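*Asks:* For the record, the sequence lines run as chains A and B.
Position in the first sequence (first residue = 1) + 42 = the numbering used here.
Position in the second sequence (first residue = 1) + 45 = the numbering used here.
Mixed in with the good hints there might be a few duds.
[Unchecked claim] Pair ranges (Cβ atoms, derived):
hint, chain 1, residue 1, chain 2, residue 2, range
1, B, ALA108, A, ALA138, 35 to 41 Å
2, A, VAL319, B, GLY64, 57 to 63 Å
3, A, LEU323, B, SER179, 34 to 40 Å
4, B, ALA168, A, SER326, 32 to 38 Å
5, A, ILE172, B, THR151, 52 to 58 Å
6, A, PHE318, B, THR151, 42 to 48 Å
7, A, ALA138, B, GLU48, 55 to 61 Å
8, A, ASN257, B, LYS97, 49 to 55 Å
9, A, HIS75, B, GLY112, 24 to 30 Å
10, A, SER326, B, ARG152, 40 to 46 Å
11, B, ALA108, A, GLU265, 50 to 56 Å
12, A, ALA138, B, ASP57, 17 to 23 Å
13, A, HIS75, B, LEU228, 41 to 47 Å
[What the hints assert, rightly or not] Which stretches of chain A does chain B cover? Using the computed rule of at least three CB atoms under 8 Å from a CB of chain B, they are:
hint, stretch
14, 208-218
15, 228-235
[To be verified] Just so you have them, the derived chain A footprint on chain B, three or more residues with Cβ under 8 Å:
hint, stretch
16, 108-122
17, 133-140
Keep in mind the hints are simulated off the structure, nothing from the lab.
All values reported here derive from a predicted model rather than from experimental measurement.
The C-beta atom is built at its ideal place from N, Cα and C for all residues, glycine as well.
Each chain, letter by letter, is given below.
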Amino acid sequence: MALVAQQIVNGIVVGSTYALFALGFTLIFGVLHVLNLAHGAVFMWGAFTGLFAVTALGLPLAAAFAIAMLAAGLLSVLVDAVAFRPLRRRGSPEFAAIISSLGVAQILMSAAQIASDTQVQRFPFGTFPIVFYQVFGLRVSLQQIVIVGSVAVLVAALLAFLFATSFGRQIRAVAISERTASLLGVNPGAVHALTFFLCGALAGAAGVIIGIAFNSVHFLMGEPYLLRGFVVIVLGGLGSVAGAVIGGLLFGMIQTLSVAFLSSALSDAILFGLLFVILLLRPSGFFGTLRREIRVVRQ
Amino acid sequence: MLEIQDLVTAYDGIRALRGVTLTVPVGAMVALIGPNGAGKSTLLNSVSGVVKPLSGRIRFDGADIAGLPAHTVARRGLLQVPEGRQILGPLSVEENLRLGRLAAGTRGTADIDEVYALFPILAERRRQEGGSLSGGQQQMLAIGRALMGRPRLLMLDEPSLGLSPLMAAQVFAALETLRRSGLTILLVEQNARRALDATGHAYVLEQGRIVHQGPSGDLARDPSVVRHYLPGDDLPDF
Ligand SMILES: Nc1ncnc2c1ncn2[C@@H]1O[C@H](COP(=O)(O)OP(=O)(O)OP(=O)(O)O)[C@@H](O)[C@H]1O
Ligand SMILES: [Mg+2]
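Chain A extracted, bound-state conformation:
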């Protein structure tokens, strides 16, 4: 029993990083109705930026974290400008956007491969203090607490931004109907850029957290996250903020439990089998009702 509880705690930690990654992925879908396949590459560059800020600039972790978020946010805006905006202008089908974002992802990964010389990079020893606590008989590290805490803060900040500010209202309005929003004076181009910035910044935060948690930063690290993020947002309902959080946590727990009690080889098979079953049974995800906040409505 204690073993299960321990794995659930671990699952929540892993799941919170999936949630953070998936939030940006799902938000872009909710607002622009496109899958941004460069989201994983932005995440990876966030991790590299954080690493660079710590190793080359010697900055404290908190500052590196902030810089990584900013840089990944700006990179994400650039991805929008290169991969999506020209297609939106021409009214190209959404399929074209998938291909072009895939292309941008490849370019970003190649650039990282060259910059990192195909090597796995590591944060210097002691970047994050190694401290463990015993809580109700469970072993919890300071790192785990900080990870879950930062994710909680970022999710709360995102929700506050989306639901309690004028900018957030404009984002939701464009998600529902770009045309109607523009008739009310909302500048859709600015909203798209803002959305990409937010989503990129969240991906950058996730990148640094993962880079530190596994003490490994490399040019391919975004790929598995992109796939898992995809499962998470399908599970949570495409475009749903709450669904991404719940889906991420659930995904993390299922993964951790199946690795611990079945086999790590089976874990991916189980998760993608899950995706298959969801798509078959509930294509709108299991938290469909939560999608109301940022519902995708085509007009």
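Fit chain B with the ligands to the known structure of chain A by using the hints.
*Replies:* For chain B with the ligands alone, coordinates are given in the frame of chain A:
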């Protein structure tokens, strides 16, 4: 205030507007009537910048606005209440109204209480989802939302469409209040009787062309207009 000249708009090469000329003077309430598919919505959307006109001029307050993006046109005070109301369903009534403020820009935002005074039902429903309102209430919300942007010219696309006669009467009463307060209005309607009664000047659009225009009272007595647009009305005896 609004001068449209020789406006041509096409969808995929098919012309929906074929040289429309129309003027809305400051403080006037002008009607644009016409059958289904005549191009009425296309005209409003061309002015609003939702669709790009092929040629022709659109002047608002002396400035050429043809081809400007929709949000820029709205922020200049030229606001459209679109066909079908287009309420942002998941947003609350109050959020829909607050969103409307954006267009006011430097003209100073309207007071939400003014809108609630004009449409008291919206104040009662302020926390409800916009999508949960009845058709008439949604129309009031759509108008109120546009008013929040301090319009200098308000364009309405078939505000009585699908409403019960009672609701339609309420909406028209509100428009009358707005007109008397000095707001310039361009009203698109299929219900020609109401539109001609409510306005001072009217245009009739058919297949992308203006086929009649004049004082609304004269059009209401014009036999060719009556035959097509005011069925059931008998021609007055002379
Ligand atoms: N988005 C579009 N794409 C292609 N054709 C369109 C589009 N919108 C309108 N049309 C066509 O343009 C013409 C004018 O349509 P429009 O909607 O402007 O007419 P309307 O006078 O507003 O009609 P209604 O009274 O039905 O609202 C019609 O023939 C219509 O089929
Ligand atoms: Mg129409």
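*Asks:* Give a verdict on every hint.
*Replies:* Hints, verified against the model:
1. B/ALA108 <-> A/ALA138: 35 to 41 Å: holds (36 Å)
2. A/VAL319 <-> B/GLY64: 57 to 63 Å: holds (58 Å)
3. A/LEU323 <-> B/SER179: 34 to 40 Å: Given a distance of about 35 Å, which is inside 34 to 40 Å, the answer is holds.
4. B/ALA168 <-> A/SER326: 32 to 38 Å: holds (35 Å)
5. A/ILE172 <-> B/THR151: 52 to 58 Å: Holds - the Cβ-Cβ distance for A/ILE172 and B/THR151, about 56 Å, lies within 52 to 58 Å.
6. A/PHE318 <-> B/THR151: 42 to 48 Å: violated (54 Å)
7. A/ALA138 <-> B/GLU48: 55 to 61 Å: With Cβ atoms ~40 Å apart, the hint is violated.
8. A/ASN257 <-> B/LYS97: 49 to 55 Å: At 54 Å between Cβs, range holds.
9. A/HIS75 <-> B/GLY112: 24 to 30 Å: holds (26 Å)
10. A/SER326 <-> B/ARG152: 40 to 46 Å: holds (42 Å)
11. B/ALA108 <-> A/GLU265: 50 to 56 Å: holds (51 Å)
12. A/ALA138 <-> B/ASP57: 17 to 23 Å: About 19 Å separates the Cβ atoms of A/ALA138 and B/ASP57, which means 17 to 23 Å holds.
13. A/HIS75 <-> B/LEU228: 41 to 47 Å: Check failed, 36 Å falls outside 41 to 47 Å.
14. 208-218: holds (count 6)
15. 228-235: Satisfied; 3 residues make the cut.
16. 108-122: holds (count 5)
17. 133-140: Per the Cβ count (5), the hint holds.
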